[in-house]
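Chemist: Dock the two chains into a complex; use the hints.
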Amino acid sequence: MNLIDIIEQNTLWPLTGGIHPAEMKHLSNQTTIARLPLAKTFYIPLPQVGDSALLVVKVGDRVLKGQPLTKSAGAMYLAAHAPTSGLITAITPHASNHPSALPELTCIIEADGKDESVPYHSAAAQELSKEELIARIREAGIAGMGGAMFPSHIKLRPAAKIELLIINGVECEPYISSDDRLMREHAANIVAGIEIIQQLIGARRIVIAIEDNKAEAAAAMTSAIAQSAALKPIALVRVIPTKYPSGGEKQLIQIITGKEVPSGSIPAQLGIVVHNVGTAYAIRDAVVEGKPLIERVVTVTGGNIEQNGNYWLPIGTPVSHVLQQLKLRKDKQAQVIVGGPMMGYALPDANVPVLKGTNCLLIPKRNELTHASAERACIRCGECAQVCPASLLPQQLYWHAKAEEYDKANAFNLQDCIECGCCAFVCPSEIPLVKYYRVAKAAIRKDRAEKVQAEQAKIRFEARIARLEQEKQEREAKAKEAAERRKAAMNNDDKDAVAAALARVQAKKQAQATTAPSNDAIAAAVARAKAKKQQAISATDTATDDKKSQVAAAIARAKAKKAQASASDTSAASASTLDTPAQDSKQAQIAAAVARAKAKKAAQTAPAQNNEVADKLATDGVEQINSTNDKAARVAAAVARAKAKKTAATESSVESAEAPSTDQKAQVAAPDDKAARVAAAVARAKAKKAAQTDEQAASETTLTEAPATQEKADEKQAKIAAAIAKAKAKKAVLSGSDDAEQTEAMSKQADDNSESSSVSAADAKKARIAAAVAKAKAKKAAEQDNQENQS
Amino acid sequence: MLTAVVLLTLLALVFGVILGFAAEKFRVEGNPIVDQLEALLPQTQCGQCGFPGCRPYAEAIANGEKINRCPPGGTATMEKLADLMGVEPEPLSAEAQDQTKKVAFIREEECIGCTKCIQACPVDAIVGAGKLMHTVLTVNCTGCDLCVEPCPVDCIDMIPVAQNTRSWDWRLNAIPVKTL
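Protein sequences appear in the order of chains A and B. Just so you know, we're using my numbering here: the first sequence kicks off at 144 and counts up by one. Just so you know, we're using my numbering here: the second sequence kicks off at 14 and counts up by one.
Bear in mind the hints are in silico, worked out from the structure with no lab data behind them. This structure is a prediction, so every number in the text was calculated from the model and none was measured. Just so you know, even glycine gets a beta-carbon here, dropped at the ideal spot from N, CA and C. Certain hints may be false.
What the hints assert, rightly or not - What follows is a list of derived Cβ distance ranges for each label pair:
{"id": "1", "chain 1": "A", "residue 1": "H264", "chain 2": "B", "residue 2": "V140", "range": "37 to 47 Å"}
{"id": "2", "chain 1": "B", "residue 1": "D170", "chain 2": "A", "residue 2": "F293", "range": "51 to 61 Å"}
{"id": "3", "chain 1": "B", "residue 1": "N76", "chain 2": "A", "residue 2": "L611", "range": "56 to 66 Å"}
{"id": "4", "chain 1": "A", "residue 1": "K589", "chain 2": "B", "residue 2": "D170", "range": "49 to 59 Å"}
{"id": "5", "chain 1": "B", "residue 1": "L23", "chain 2": "A", "residue 2": "Q616", "range": "28 to 38 Å"}
{"id": "6", "chain 1": "A", "residue 1": "K589", "chain 2": "B", "residue 2": "L97", "range": "14 to 24 Å"}
The shape of chain B in the complex, shown without the other chains (with noise of 0.2 Å):
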């Protein structure tokens, strides 16, 4: 009986030693949801979810914010949201866009160089200096559209990103066929 008992106590005290040095040693550092949720997300940082960048919308999801405030993720990206954190698929908070890429495009002859878009880029996707022509850098550019409000002159568009051979979808009904 004591034995039992005294054998019980020891082994009790042995593992809660492993265990507590376990905790301490493989520590996790941080919440993981995080970062599985933000490489879920587009990374445009174009803010519409109303946290400033991807990061703090996959902090603020961790954290019990809805899933459903990523526009440009559309509804693919709350889907997978929506699996990862065990919740209800919900319909995209914004209105209904398309999803078709957008990418910024200067009127170059406009451009006064105020700098303003290079400011509002979070990409660091525009190139110029002041008084000088900006310039978008196409590969780079998230389509956030940040650049569109704080342009003085509106030179900015935003031009959907034009299908090539390598990119199409073979979605072959789309393709008006010319009779010979």
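So here's chain A without its partners, still in its complex pose (with noise of 0.2 Å):
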């Protein structure tokens, strides 16, 4: 059976549950409606600033009646406006009106009681479109004035074809008579705003529902249907039986259709708008006058007010002011309850707005209405489920309630709730059942957002850190690729840095041909070190190893008497400086370098076959330098490259030398040590005295000058320094096989020696400060390079 049948058929359906409060609707709808002197101040709430709506006005600002406060383009706008002229003194939280009285933005504008109003352009409804008539409605700042507030424009804009339109009249909740008196005295209007909703959505049928004891309204609204030609063929009045709560949407439906709004859909998917007839008020006046929404009938009424009645109030007009207006009755209990007693609430604060869904103002002696006295426990009676509209079990509800189970409670479906009170009217042991009920919808609303922003939270948190990962990846892959860039420059830097340890070597061992007697150890030790890699070699290697390990030990020895030998000849003058620089320790691998050095050559020289071991073990020497003892490593790269400039200097054209002398500057700027500036001269002395005596040495360097000239500056400096190292190691095989076995006799003495010798701390100290500066030096040929080869 489809609606139009249903309507057609002229029944009514029972209301399932239900109460007959007492209905006291006698003390306020005895009088028209009347006007109360204009408020000093008015608090317009703007609870959509901030969130969907932007201010149009600001503080100091005078605005006129009907001046909008706010625009938004927001689907759920309600628009605000100043309900008289005056200026606005602030924008600021105010105490609301709401149970709760929590501060809200409000816009306060103080009346200069001159009421200007901004001109209004009134329009005939039938000439606009339906979008012009959306508009109005939705500039005029029309809500839901039943007590929902919720925005009409779009309630009047249904998604699904609406086959039947009701007109709530029926202002079920005791002491409310503002529906019933606006009905008996604007019922033209009414209609008028009617006629303009059914151009709107174009309902096939219209049904105005009236309650029984309101007949004077439904005579007013039945004769002024009869005069409105569009709405007499499709409209009627239904009159239908007092009791509470007939009011409510959903339990209206159900008495004129026989039809339940399934649980959380919207009557619209049934084909069924319904409006409040103050709504069709405010819609006839938006439209036809243009005048935005900004009074509304309330009624005022209970036994602490002398003049009960109902009356035009603008939106934002005080409590306190109404109260002060009629003559409240000074009580100490006195409080004032906004809406109905059934589902009104107790205001905490007077001084809060009538707003566009407050309909009552309830004003209860002390004991008029019944004070819910000390809670009891439920006895279980079920008076609670029978009068239940939404047939709900409002124990089981209020038993999960207490319990704060909410989920269980929601599975008893909670959530379809009107709260209208029914429940905590019958209830034997006056239980506020609805209170536990809100408190538990309040706590179940808040336990969704929490999900809701959880889930947010963790997408987010997801989102980082995939986007962390995303960036780690690309940082590595930059790196690898820096890596391999770098790797493959250095490959063909090989060979310089082996001919920058072979300068090393070389360094050393002209140091330690310039130091004096005390050295002895030092070759002792380097004799010793060198036995040990050797018995350490071919332990692993095989015995044909055996005999060019033995080579290279003879040379090492050959080469530690060589040493004992020249120191004897150089100056004591010179020795005494040149001991500075090397710690003893230190001196002592570095000798061990050479002579590995020194061994290598030995094995080149020495048949093919030996070739390998011999370069294993000048790798080796080299590797142990490095990891043992990088520093003096370094200096002794420092000294060879001081000594290789001085003999390029020397030796060289005048443009070579420039390049060599700059850097020795710099050499000598750089660090600000003495005893820095002491090694850098005395390898320059000693390179000197190198090139000078050594003549095939000289020819060497000049040989290789040559095409070094043409390359960077510290590749020719290393490889100069690696000639050199070169010839003296060739040198030193010359002069060191005779003398083999001598040598290993000094050693043993040396041995001895070595443990009581001892350098200061002082000397270390410079050591390796002169250490620093050769690395420093080191790492900036190194980048100049780098720079040159990239160029």
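Modeler: Written out as structure tokens, the structure reads:
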């Protein structure tokens, strides 16, 4: 059976549950709707500002009656207007008309008493398109006047096809008579409003539902409908039995059509829309007169008020002003209830504004309403379940709500509770059931919001982790690429590195050659280190290798001897200064390196099959130096470089000499340490001497010099140094091979000496500084190289 | 006798094949309990449990970690975890702290724009750039506290979220009533 047939049948369905509380409407419905003097201050709450709406006024502005205070393009936008002319004194949080009275952003208007209005643009509804109608209603800020305050323009543009429009004039709650009086006095305007609603939604039938305790209102509406050509054929006034809560949207639909709105859906899905009579009246005002919703009829009633009745109150009028005007009887227990006694809430603060949904201000005498005395235990009588209009099980809901088992309460469809208060009304134990449900509903709402937030947080967290991971990978890829590039560059320099190492070895040898007899110990240590090394090698190598190692040992020994011999030749003065740069242990290692380098040289001169082992020895030696005493090796390198420079300077052309000289300057300038400079000077001196005494070396240097000038400065130096080292090594081999046996004996003696010899801490420090300088230099040179290579 | 043995063997084989196939086809990836546990956790990603986020803690619980390590979740979360894991509820390990939700707030005039809080925020709820003022997106802030510690100028406060008329919990007793 479709909706139209149901309506045609003219039957009414009974409301599930419901109660019959004392109506008390006679207190206020006897007089016509009156007006009160304007309040001095108006409070217009702007809850959407900062969320979806923007302010269009500012503090200090003078506003006129009906002037909009906000603007927004949002779908849920509910416009706010100035209710009278005056000055905006503040836009600040102020106590709200809410059971909690929590502060809410409020525009405070100081009325100037002139009540000047902006010009209203009237129009004929029939000539306006749907969009224009909706726009006018939207701009007028019309909200559901029944109490829900849902923006009407949304309800007037339903997604589904609407068959039935129900105009709600039921007003079932006790005490309230604002809709009753409005229908009695302004039936024609309400009908005009209904015409506009009908124009928008095009329903096939219109039912105006009025309770049978409002006979006058029903009569007024019936006659108004009869006069409307548009509505006469399709609209009818349906008088329904008085029962609370027939006025609830879903309950009214059930009474009129017998259909239940499914849980979680809206009436539009059944093809039904419900509007309040007050809303219809406001829509007519907005469309026809262009007047925004700035005032409404409010029932002010109760035993503590002398002048019960209905009043046109501008939206934003403070409740305290109304109470003042209507002579509140002073009562210690005086309270103001917004709404009716069933669903209303007591205000904790009377200085709050009247809102668009405020239909009643109830100021009861102390014993006028049944005050919930001490709550007693639920006796499971089941009264509440019988009166529940939503067919719920209030006692179960109560049980779970009280135990804070909200998921279980939800399983009993707590969300379908309309908070009508029937269950609490009939409860013999006077349990404030609705209060429990509200707390539970709030907790469930909060829980849901937290769930949503947790979900969002998780998504954001995961997105962040993914992003960090991606960044890390990108970084790694970049680092890898850079490392490869470096490696490629390094490979080119490998030969230079070897040359540098050789140069270092050579430098050590030179240093040793000039040092005093005290270096006997070093030589001995060198020999020992050498021997040890050989032992280690020979242990792993084959027997044929033994021979080579022996050769190397002999060379080492010879070297030691030669060092001793040459040292005795050099002047004592130079020896004393030369002593400083090198530390005892360091020198030993350096010497070892030198010896190994020599051995290599020797191996090179020896038969071809020995080459491999000698190479191994040499690389071993280099490695040992690098790992065990980097510093010493670098010092040696620096010295060698300095020496090479010197040689180059003395032997080659002027232009090639320029580069090393500046280099030397840098070498001297960079460290402020005397020791380092001394070391550099020594190295230079030695280099000169080496060049002078060793003609072969010099000639070799000049030979390599020629191509080297075209290359980078550092590379050149390294090669020169390498050449020198080579020459030296050769020489050493020649002189050393004869005295091998002698050296062995000497090394034993030196062994003893080494234990007694010690070098002061200061010396060590200087050496370290010199090393650091050398290192810095080497690095600089390498960087230069790299740059040049890249360029 | 023989037919029965053969028949049963065949049946065993057939069912074995079916079960083996089903085990492969409908294999459950990962431990489903971890997802359920994670759904119960508050997703603040605060790390107060000692794990770097809610997911790692959920995994740890699935592997036998204690259920009382989540201070932001409070007792309610602990009880849900206990229920799911079938273990006894335990009091929270962290000292009892108030459960009011807080969000970070940057005193913007004091912010030096070091971006340290941005790096610390697990949910990217802080916007800003180097040497420019930062601010917190309160909607996305989980109140995990992780940004407070890295701030070199201590300009981050944790502010309790104020209740408004929409989030009000109907605890009527909490309202101070003014007499008219």
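Chemist: Hint by hint, work out which the structure violates, then give me just those numbers in ascending order.
Modeler: Violated hints: 2, 3, 4 and 5; rest satisfied.
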